[in-house]
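Be aware that the sequence shown starts at 1, since it is given in our numbering, and climbs by one per residue.
Hints are computed from structural coordinates only; laboratory data are not their basis. Don't take each hint at face value.
Here are the in silico distance ranges between beta carbons for each label pair [what the hints assert, rightly or not]: (1) F158 to N60: 33 to 41 Å; (2) T156 to A88: 20 to 28 Å; (3) T176 to T71: 27 to 35 Å.
A quick note: this is a predicted structure, and the numbers were derived from the prediction, not measured. Ideal Cβ positions, reconstructed from N, Cα and C, are used throughout, including at glycine.
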Amino acid sequence: MHASSRVQVVVLLLLVASACRQVDGPAAPPTTGTRLRVVHVSPSAPALDIAIDNITVLRNLNYSRASDYATVPPGPHELEVRVAGSTATIGVGTIVFTADDPHTFVAAGDYNLVGGIVVTDSGARPDPGKTRIRVINGARGAPDVDILLTQPDFATEFVLYFPSPFGSLSTYHQSTAGNYRVRIRRQSDKVILADTGPISVPADQVRTVMLMDKPGGGVQTKVYSDRP
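Using the sequences provided together with the hints, build the complete structure.
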């Protein structure tokens, strides 16, 4: 059993804006600094643009999709979540990017209150020939759950970490190349709410399993490739 890596996560509640904001400056990312990708897991929100300090760095990100990594300067910056193709700001908040660490921002919640989880991807590089996997709980509407893992070199399912509230994540868990499987179990009655099925991870590769709210209710998982 592994404790969740709460020290690596910052839960950012983005305040709903009452008016549109005008973009200032060029709509282009900076060319030096750390890296940022965004995962859109808010089923009621439209496609999103992401701006850093009024500069649009990511565009037209749809639900359940992950962006490529964009380059952003390290340090504190204002991050805005906007309706794609417009200046309508859904949420805005200040986050701190640490130098040399790639970051993932998870846009979660519903359209009226989009929140964010900011995590570093600095533990993503596996040992040579090995693989790594982690789980992030980005489902604001999920009940209390256990995260269950089966890994290539250990066929018996075990609890990866608990408790696992919204905004929590596991450390990167290393194993051999092969099939992982993650299941999400409701703590109250032990019912399985979501199941990834086999996740084939080749040597030297890394995956993030995201728990997210599902359109129409409930939760689901999706697997994303991380950059070691």
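Against the structure, the hints come out as follows:
1. Between F158 and N60 the beta carbons are some 40 Å apart, a value that agrees with the proposed interval 33 to 41 Å.
2. Distance hint check: the CB atoms of T156 and A88 are about 50 Å apart, inconsistent with the given range 20 to 28 Å.
3. Distance hint for T176 and T71: a CB-CB separation of about 33 Å, consistent with the stated range 27 to 35 Å.
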